[in-house]
Amino acid sequence: MSQQNAVIDQGLAAERQTEWSQQGKMQTRAAAVWNRYKRNKFAVAGFIVFTIYILAAIFAPLFSQYDPESFDIMDADLAPSLSHPFGTDSMGADVFIRALFGARISLSVAVIATTVTVAFGVIYGAVSGYFGRAVDMIMMRIVDALQSIPSFFLLLIIAAIMVPSMWSTIIALSTFGWLNMARIVRGEILSLKERDYATAALVTGEPKRAIIFYHILPNAIAPIIVIATLDIANNIIAEATLSFLGLGIQPPTPSWGNMLSSAQELVTLTTYPWTALFPGLCIMIAVLAVNFIGDGLRDALDPRQKNK
Amino acid sequence: MSIALFEAQKEQETKTDEVLLSVRNVKKYFPVKGGLFDRVLAHVKAVDDVSFDIHRGETLGLVGESGCGKSTIGKTMLRILNASSGTVEFEGRNIFSLSEKDMRGLRRDMQYIFQDPFSSLNPRLSVGESIARVLRIHGMSRKSEREHRVQELLEMVGLSPYHIRRYPHEFSGGQRQRIGIARALALNPKLIVLDEPVSALDVSIQSQIINLLEDLQKQFNLTYLFVSHGLNVVRHISSRVGVMYLGKLVELAETDTLFAKPQHPYTQALLSANPVADPRQRDEKKMVLEGDVPSPINPPSGCRFRTRCPFATQKCAEVEPAFAKVADNHFVACHYPLN
Amino acid sequence: MMTRLQSHPDPIVQVKGLKTYFYTEEGVVPAIDGVDFEVLRGETLAIVGESGSGKSVTSLSIMRLIPSPPGKIVEGDITFNGESLLTKTNAQMRQIRGNKISMIFQEPMTSLNPVYRVGDQIAESLKLHQGMKKKQALKEAVRLLELVGIPEAERRVSQYPHELSGGMRQRVMIAIALACNPELLIADEPTTALDVTIQNQILHLMKQLKEKTNTSIILITHDLGVVAEVADRVVVMYAGQVVEQGDVYTIFENPKHPYTIGLLESMPSHKKRTGKLKTIEGVVPNPLHLPPGCRFAPRCEFATDLCRSEVPAVITVGQEETVRCWKYTERWEGNLNEHSAV
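Sequences listed follow chains P, C and W, in order.
Mapping to this note's numbering: the first sequence position 168 is 168, numbers consecutive.
So the number in this note's numbering is just where the residue sits in the second sequence, counting from 1, plus 1000.
So the number in this note's numbering is just where the residue sits in the third sequence, counting from 1, plus 2000.
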């Protein structure tokens, strides 16, 4: 009897307690993250800009009064004007339209390559970190070995062996892109698996696989998301570099990199600067936007950064 | 009424002598690595040849200072850590020789409660998810059934059913410890290892949790291994108490005997050092131990306590004292037990 | 109604009506809300309370170490040897800290700088405040280490913190704190991180030092066992206020405030095993949403409508004791003696 009463009393006390924690912060986790994210003005700007990029890339065909891959030599090298806001290039194609369609290619390459590297890097790092000992030792020495190779040089070789296309570019970028992610995830897992809740999962009879993927990995989501956004930025630049060198996307298919490439001659640069300026700006702004998003997410996903 | 209940429980304690779990010659050495290729340079002898039994329905207290191996033995017993040697038999089965799969099945009988209520709950799972997860692993497949059981468990530990959708960060330390207890109870375990379950809590919350643990023990006939450095708490809750020093069990006796007539000099020093909440007793002569606990990497020869023991002789340095029976239910590892 | 303790002729520290608030995004946290007490010369005053009681903020306020923002001392005064500490400049405070008032903390590992030798860290304070030369300061450091009971002090001065055990490091912290013969030593949970036998050594040392040096000590702790061991007088805090203060024997043998009584009764007895432990139900109130009346009322078994609606004043009972509770006023209905049994 009295025992039951005591339990009810404790329950009531507990209710009082949660009442105030409710008033204190009645927020879901996602709302709290968004609130912290909002405080960083650069991050918000980055988010808006990147959204515009994605929308523009998706709806590119709606804007195109010109065909990005057709050109009219009569219209070559026109300065920016109302009918050609970014001007035209030496082949007479509209730079604005090419930049729009270039965004489709460049962003797709970056996003797909990043997806591949994130998936592989996370799994590799998680397995290495959780199993530890010999498994970890071997897996991490492989990462060390791959990282010690000058990766850009290898990127060039891979791109050179394959017939250059969008997919060859993605494969080239994915081959080495996962190393950093694997390393960071492994470090996170190593520290998270010592937490009591991971031990608690073991004690309640969870299989190892479930402990890694259900209990530990979701708690490493913050650094994974941050690294992933930075990877997107890196991949945008890497794609541009490969295409600029002629090993990536091949003309006439437009990408920001090969647009720069076709404008690389000094004469073109000095006489018709818009042909290089606009694709260059596209790359720069996209990379900046993604980097700002990454910075913002890093702070927003850290629960220790309280809602000030 | 509570006194009567307590007496009844005490009687019950003395009645059940059935061994639920027996620890035999368990050693747990942690390698100390270093050098160029992570060579093993030495071993930390965290638990070094410890044997004892836990009887069904009792609370065995395990006390000692940090680094004495009391938590390590609790973790080794549940195979959270792999023992270096020795056996642990639970209901007659050697759990060290079970396959991982069989061990996972056995885990429903042996649970663990952590010291830190803040780190023992997955911050990304709601209270309901945390507990229901345990039920699902062990075969409760219907969602409605799980939900019902979770609510039942929350009420059992003094929380409200509507807490089910809350996340750990929304609770106070004491409430989190209740959630940890509910999770451990989910599978109707027979044995629970409690690793400093109240040390991280405020004084006024500690007694709430201790009462809860005692109530649950009575209700479900649970067996506890209660690991703690808090002597008063251990004395209150335990039927028998073991004292550890530097990886060894040095004394094991029934609680009242141990506190009234400790036979190992270390036990005596420990009890004497325990601050008493009575200012009138402050000037009573205390046994102040000199020096620090030696390194468990290279423990003293013979009796490990001899470097700090006021009664040590040459024999103590040469011969390691056996863990011997000095009276009924009373074991001491000392060449010169006090009387 | 509002009666104060009679002031002692020459207290070393006087805290008068102190309010220290923290201004956070969620609201104002009154970490200390109208606290009065005195520290007499040569005594050990224990400030007891649970987490959130304001005991550590009190000591930081005396040291003027409240992080600002978000913290601010909004009202009241703290005097040291009769001079207000709140009007001192930062430069003057630096002269007082570590020299006249020094402090030791709970975690001795993090309060020692890992890259300097132990002896240099003690000597630093001596050079700074006493203007000693290096050689002389190191010699003094050895003497201090011997004073706090560190064996082979000559060898220890040239060791680094990580080479010492936890108990040794706490002794070094005490040696640093004592380096300049402070008049007041504030010890914030000095033994909480230590084992029982080591705690015993440190408490023993603190008792000895008090006899030798006549330093006044403020001991901040949650452990009533430690209080009973070393304190002369006790201040009990709850939710930012002093609920009771008195000499150590009165507090342990004849406590007045229901919170103090509850705390003492909820501890497992050292004398005999009893049945169920008494408990104080519920939890400490959220500092952002404090109850309107007595802050302990939601957890108090004696609480009436009066307690829940009006804040009780601090009243003097007996000779040297104060308590903040309606039960001991004339406005309390019913017989007080009936409830105040211990």
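No lab work stands behind these hints: they were computed from the structure.
Positions of the beta carbon are idealized from the N, C-alpha and C atoms, including for glycine.
Treat each hint with caution, since some may be false.
Away from chain C, derived, C-beta distances all over 10 Å, residues of chain W [to be verified]:
| hint | residue |
| --- | --- |
| 1 | Glu2050 |
| 2 | Met2063 |
| 3 | Glu2075 |
| 4 | Ser2111 |
| 5 | His2162 |
| 6 | Thr2215 |
| 7 | Val2227 |
| 8 | Phe2252 |
Heads up, simulated SDA-like pairs for lysine to any residue below, C-alpha to C-alpha not over 25 Å straight-line [to be verified]:
| hint | chain 1 | residue 1 | chain 2 | residue 2 |
| --- | --- | --- | --- | --- |
| 9 | P | Lys193 | C | Asp1102 |
| 10 | C | Lys1286 | W | Ser2165 |
| 11 | P | Lys193 | C | Glu1129 |
| 12 | P | Lys193 | C | Pro1123 |
| 13 | P | Lys193 | C | Val1044 |
| 14 | C | Lys1033 | P | Lys38 |
| 15 | P | Lys208 | C | Phe1090 |
| 16 | W | Lys2207 | C | Gln1219 |
| 17 | C | Lys1101 | P | Glu194 |
| 18 | P | Lys193 | C | His1043 |
| 19 | C | Lys1261 | W | Pro2268 |
| 20 | W | Lys2133 | W | Tyr2160 |
| 21 | P | Lys193 | C | Arg1142 |
| 22 | C | Lys1190 | C | Lys1261 |
| 23 | W | Lys2276 | C | His1055 |
| 24 | P | Lys38 | C | Tyr1167 |
| 25 | C | Lys1286 | W | Leu2128 |
| 26 | C | Lys1190 | P | Val127 |
| 27 | P | Lys38 | W | Pro2069 |
| 28 | W | Lys2276 | C | Arg1136 |
| 29 | C | Lys1286 | W | Val2028 |
| 30 | C | Lys1033 | P | Val127 |
| 31 | C | Lys1286 | W | Glu2253 |
| 32 | P | Lys41 | W | Pro2069 |
| 33 | C | Lys1286 | W | Tyr2249 |
| 34 | W | Lys2088 | W | Lys2133 |
| 35 | C | Lys1101 | P | Gly205 |
| 36 | C | Lys1033 | W | Gln2159 |
| 37 | C | Lys1101 | P | Val287 |
| 38 | P | Lys193 | C | Arg1136 |
| 39 | C | Lys1261 | W | Asn2081 |
| 40 | C | Lys1218 | W | Lys2207 |
Do the hints match the structure? See the list:
no.: 1; hint: Glu2050; verdict: violated, 4 Å
no.: 2; hint: Met2063; verdict: holds, 24 Å
no.: 3; hint: Glu2075; verdict: holds, 28 Å
no.: 4; hint: Ser2111; verdict: holds, 19 Å
no.: 5; hint: His2162; verdict: holds, 14 Å
no.: 6; hint: Thr2215; verdict: holds, 19 Å
no.: 7; hint: Val2227; verdict: violated, 8 Å
no.: 8; hint: Phe2252; verdict: violated, 5 Å
no.: 9; hint: Lys193(P) <-> Asp1102(C); verdict: holds, 23 Å
no.: 10; hint: Lys1286(C) <-> Ser2165(W); verdict: holds, 22 Å
no.: 11; hint: Lys193(P) <-> Glu1129(C); verdict: holds, 19 Å
no.: 12; hint: Lys193(P) <-> Pro1123(C); verdict: holds, 14 Å
no.: 13; hint: Lys193(P) <-> Val1044(C); verdict: holds, 22 Å
no.: 14; hint: Lys1033(C) <-> Lys38(P); verdict: violated, 47 Å
no.: 15; hint: Lys208(P) <-> Phe1090(C); verdict: holds, 23 Å
no.: 16; hint: Lys2207(W) <-> Gln1219(C); verdict: violated, 47 Å
no.: 17; hint: Lys1101(C) <-> Glu194(P); verdict: holds, 22 Å
no.: 18; hint: Lys193(P) <-> His1043(C); verdict: holds, 23 Å
no.: 19; hint: Lys1261(C) <-> Pro2268(W); verdict: holds, 19 Å
no.: 20; hint: Lys2133(W) <-> Tyr2160(W); verdict: holds, 21 Å
no.: 21; hint: Lys193(P) <-> Arg1142(C); verdict: violated, 30 Å
no.: 22; hint: Lys1190(C) <-> Lys1261(C); verdict: violated, 31 Å
no.: 23; hint: Lys2276(W) <-> His1055(C); verdict: holds, 22 Å
no.: 24; hint: Lys38(P) <-> Tyr1167(C); verdict: holds, 23 Å
no.: 25; hint: Lys1286(C) <-> Leu2128(W); verdict: violated, 39 Å
no.: 26; hint: Lys1190(C) <-> Val127(P); verdict: violated, 33 Å
no.: 27; hint: Lys38(P) <-> Pro2069(W); verdict: holds, 23 Å
no.: 28; hint: Lys2276(W) <-> Arg1136(C); verdict: violated, 35 Å
no.: 29; hint: Lys1286(C) <-> Val2028(W); verdict: violated, 47 Å
no.: 30; hint: Lys1033(C) <-> Val127(P); verdict: holds, 23 Å
no.: 31; hint: Lys1286(C) <-> Glu2253(W); verdict: holds, 22 Å
no.: 32; hint: Lys41(P) <-> Pro2069(W); verdict: holds, 23 Å
no.: 33; hint: Lys1286(C) <-> Tyr2249(W); verdict: holds, 20 Å
no.: 34; hint: Lys2088(W) <-> Lys2133(W); verdict: violated, 28 Å
no.: 35; hint: Lys1101(C) <-> Gly205(P); verdict: holds, 9 Å
no.: 36; hint: Lys1033(C) <-> Gln2159(W); verdict: holds, 24 Å
no.: 37; hint: Lys1101(C) <-> Val287(P); verdict: violated, 49 Å
no.: 38; hint: Lys193(P) <-> Arg1136(C); verdict: holds, 22 Å
no.: 39; hint: Lys1261(C) <-> Asn2081(W); verdict: violated, 50 Å
no.: 40; hint: Lys1218(C) <-> Lys2207(W); verdict: violated, 44 Å
The structure is inconsistent with the numbered hints 1, 7, 8, 14, 16, 21, 22, 25, 26, 28, 29, 34, 37, 39, 40, although it conforms to all the rest.
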